[in-house]
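Using the sequences and the accompanying hints, generate a full structural model.
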Amino acid sequence: MSVREKFDYELNSAQEQLILLSNMAVNALTKAVNALASQDIDAALEVIEGDKEINQLEEEINDRVILLIAKQSPVATDLRRLVVIIKVASDMERVGDYAVNIAKETIRIGKEELLSTIVEIKQMHELARTMLTQVIEAFVEEDVIKAKEIAELDDQVDALYGEVINKLMLSGAQNPDKISQITQLAFVCRYMERSADHATNIAEQLFYLVRGQHYDMNK
Amino acid sequence: MTTIKTAIKKKEPVKQEEKKSVYLTKQLNLWYGDNHALKNIDLDIKENEVTAIIGPSGCGKSTYIKTLNRMVELVPTVKTSGQILYRDRNIFDKDYGVEELRTRVGMVFQKPNPFPKSIYDNIAYGPRIHGIKNKKILNEIVEKSLRGAAIWEEVKDRLDENAYSLSGGQQQRICIARALAIEPDVILMDEPTSALDPISTLKIEELVQELKKDYSIIIVTHNMQQAARISDKTAFFLNGEVIEYDDTDTIFSNPSDKRTEDYISGRFG
Numbered sequence: 029m030s031v032r033e034k035f036d037y038e039l040n041s042a043q044e045q046l047i048l049l050s051n052m053a054v055n056a057l058t059k060a061v062n063a064l065a066s067q068d069i070d071a072a073l074e075v076i077e078g079d080k081e082i083n084q085l086e087e088e089i090n091d092r093v094i095l096l097i098a099k100q101s102p103v104a105t106d107l108r109r110l111v112v113i114i115k116v117a118s119d120m121e122r123v124g125d126y127a128v129n130i131a132k133e134t135i136r137i138g139k140e141e142l143l144s145t146i147v148e149i150k151q152m153h154e155l156a157r158t159m160l161t162q163v164i165e166a167f168v169e170e171d172v173i174k175a176k177e178i179a180e181l182d183d184q185v186d187a188l189y190g191e192v193i194n195k196l197m198l199s200g201a202q203n204p205d206k207i208s209q210i211t212q213l214a215f216v217c218r219y220m221e222r223s224a225d226h227a228t229n230i231a232e233q234l235f236y237l238v239r240g241q242h243y244d245m246n247k
Numbered sequence: 032m033t034t035i036k037t038a039i040k041k042k043e044p045v046k047q048e049e050k051k052s053v054y055l056t057k058q059l060n061l062w063y064g065d066n067h068a069l070k071n072i073d074l075d076i077k078e079n080e081v082t083a084i085i086g087p088s089g090c091g092k093s094t095y096i097k098t099l100n101r102m103v104e105l106v107p108t109v110k111t112s113g114q115i116l117y118r119d120r121n122i123f124d125k126d127y128g129v130e131e132l133r134t135r136v137g138m139v140f141q142k143p144n145p146f147p148k149s150i151y152d153n154i155a156y157g158p159r160i161h162g163i164k165n166k167k168i169l170n171e172i173v174e175k176s177l178r179g180a181a182i183w184e185e186v187k188d189r190l191d192e193n194a195y196s197l198s199g200g201q202q203q204r205i206c207i208a209r210a211l212a213i214e215p216d217v218i219l220m221d222e223p224t225s226a227l228d229p230i231s232t233l234k235i236e237e238l239v240q241e242l243k244k245d246y247s248i249i250i251v252t253h254n255m256q257q258a259a260r261i262s263d264k265t266a267f268f269l270n271g272e273v274i275e276y277d278d279t280d281t282i283f284s285n286p287s288d289k290r291t292e293d294y295i296s297g298r299f300g
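Protein chains in written order, with our numbering: chain A, 29 to 247; chain B, 32 to 300.
If you're looking for bench data, these hints aren't it; they were derived computationally from the structure. Some hints could be false.
[Stated by the list, open to error] Quick list of the computed label-pair ranges, beta carbon to beta carbon:
#1 A/111 to B/229: 24 to 30 Å
#2 B/114 to A/183: 55 to 61 Å
#3 A/111 to B/192: 29 to 35 Å
#4 A/165 to B/57: 46 to 52 Å
#5 B/112 to A/34: 40 to 46 Å
#6 A/32 to B/167: 57 to 63 Å
#7 B/245 to A/111: 48 to 54 Å
[As the list claims (entries may be wrong)] Derived lysine to aspartate or glutamate pairs resembling DMTMM-like cross-links, with alpha carbons at most 25 Å apart:
#8 A/34 to B/174
#9 B/289 to A/91
#10 B/97 to B/236
#11 B/289 to A/33
#12 B/289 to A/38
#13 A/195 to A/177
#14 A/99 to B/126
#15 B/164 to B/126
#16 A/132 to A/68
#17 A/99 to B/280
#18 A/99 to B/222
#19 A/34 to A/70
#20 B/289 to A/232
#21 A/115 to A/36
#22 B/234 to B/174
#23 A/115 to B/280
#24 A/99 to B/236
#25 A/115 to B/292
#26 B/289 to A/183
#27 A/34 to B/288
Glycine included, each C-beta is placed from N, C-alpha and C at the ideal position.
Structural data, given as C-alpha cells:
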C-alpha cells in the first residue's frame, strides 16, 4: 500500500466510524422518544447505558483523526474532511447525550399518566430524525443541495417547538398537579429542537467540506 | 418562533491592502533549444513578501527563478519571449546591465557554496568588488550581514577561519549573509534547505521570516510544508505553466484547481 493509499484507507475508516456513530446516536434518540411515549423504564435505562459506547466511539474517531493530522500533514480537502469529521462526531455525540437526557426525564415521569402533548413531541422527533438521517446521507454523497433542504426543515421544527411550548404552558393552568411532568416534557422538546440544530450544523459543515467556505444556515 | 429563511449567506473574507509589485512577469516563454520549458507565465510578485514556487521536478520552477536574475542565460541554447518587469523595468531590455540587476537581486542555492576563503572574506567579497576598501566600513558590513543571517554569534570569534570549516547549515547562512552584504532588494532562494538537517532548516525558515521585513523573497521549495509555513503567496508550476497562484492560505486550504490539490495532497509528483 502506498503512503497515499494508506492515508485514504485511514480517512475512509474514520468516515465509516463516523457514520456508525451517527446511526447509533439517531437510534438512541428514537429509542428514547419511544421509551417516553410507551413509558418503558427498562428501554430508557438501555439508552443511558448505550451512550457509553457512543462516547467511546467519538473518542476513537478523535484519536484517529489527530494521529492522521500529526503524521500525514494533510492539506486542502483532506484537512477539511478530517476537521469536519471531528466536528460532526461532536454534534452526533451531543445528540446521543440528548437521548440520555430524554431517557432520564422518562424515568422521572415514571408511570404517571402522560399529557396529550406527547403526540406533538413525537412529530418533532420525526422531523429531527429525518433531518439527522438525511444529513448523514448528504454527507456520504457530498450532496450540498440535500444539505440545504435539510437546513430548511429546521424552520418546521422551530415552529412546532413554539407551538408545543405554548400548549404545555396553557395545560399548566388546567393541570396544576402535573407541573413537574409539564416541565420535563418542555425539556424533552428543547432536546429535540437542539438535535435538529445539530443536523443544521452538520449541513453547514458539509458546505465547508465541499466548497471550502463558511455558510450560515441557522438564521 | 417562526423564522424566515432567505438564501444562504456566504461569509465574505476581509480584503487586504494591495502591496507594490517587485517582479511583474508578463507572458514569459522560455525554450532550451526545442524544449519549451516555460509557457506564458504571468506572475505578479509583491514586495516584502515571501513567494514560494512549488511543483514536481522538471516543472520549470528553477528555470523561472534563474530567469529572474538572468542566470538562465548562461545556458547557450536559451531563448525567451515576453517580459519580466523588475521594479517596472523590463530586465530583457538591451540597455539593462545584468550586473546592475544582480546587484539588486541576490541568490542562495540548494547546496551551500561558500568561497574557499575565510568567513570574513566570503562576506566582504561582494562589497570589495563594488569598490569598498575602507576596513572600518567593511567590518560594519560583515557584522551587519552576519547578524542579518542569524549567524554572527556563532562565528564572531572565528572570522578568519575558512568557511568550509562550518557545518552545512552554517555555510548556508554564510551564503545568505554574503547575499545580504550587497544590500539587495530581492533574495532568490533555490531549495535553500534541501541539503540541511531539520534544526538548520528551522533556523533558515525563521531567518526568512525576519528577512522579509527588509527584502522580497522568492523561494523554490520541494518541501510543501515549508512553503505552507513560511510563504505569503504560492505559485504552483506544472509542465512549464503556472497552474495556480494565490495566497498560501488559500492554496493549502482550498485551492481552486484540482491539479494543485492533487499535488499538495501527495496524489502525484
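Hints, verified against the model:
no.	hint	in the structure
1	A/111 to B/229: 24 to 30 Å	holds, 26 Å
2	B/114 to A/183: 55 to 61 Å	holds, 57 Å
3	A/111 to B/192: 29 to 35 Å	violated, 50 Å
4	A/165 to B/57: 46 to 52 Å	holds, 49 Å
5	B/112 to A/34: 40 to 46 Å	holds, 45 Å
6	A/32 to B/167: 57 to 63 Å	holds, 58 Å
7	B/245 to A/111: 48 to 54 Å	violated, 36 Å
8	A/34 to B/174	violated, 50 Å
9	B/289 to A/91	violated, 29 Å
10	B/97 to B/236	holds, 21 Å
11	B/289 to A/33	holds, 18 Å
12	B/289 to A/38	holds, 22 Å
13	A/195 to A/177	violated, 28 Å
14	A/99 to B/126	violated, 53 Å
15	B/164 to B/126	violated, 29 Å
16	A/132 to A/68	holds, 12 Å
17	A/99 to B/280	holds, 20 Å
18	A/99 to B/222	holds, 23 Å
19	A/34 to A/70	violated, 44 Å
20	B/289 to A/232	holds, 23 Å
21	A/115 to A/36	holds, 19 Å
22	B/234 to B/174	holds, 18 Å
23	A/115 to B/280	holds, 21 Å
24	A/99 to B/236	holds, 21 Å
25	A/115 to B/292	holds, 23 Å
26	B/289 to A/183	violated, 36 Å
27	A/34 to B/288	holds, 24 Å
Checked against the numbered hints above, the structure violates hints 3, 7, 8, 9, 13, 14, 15, 19, 26; every other hint is satisfied.
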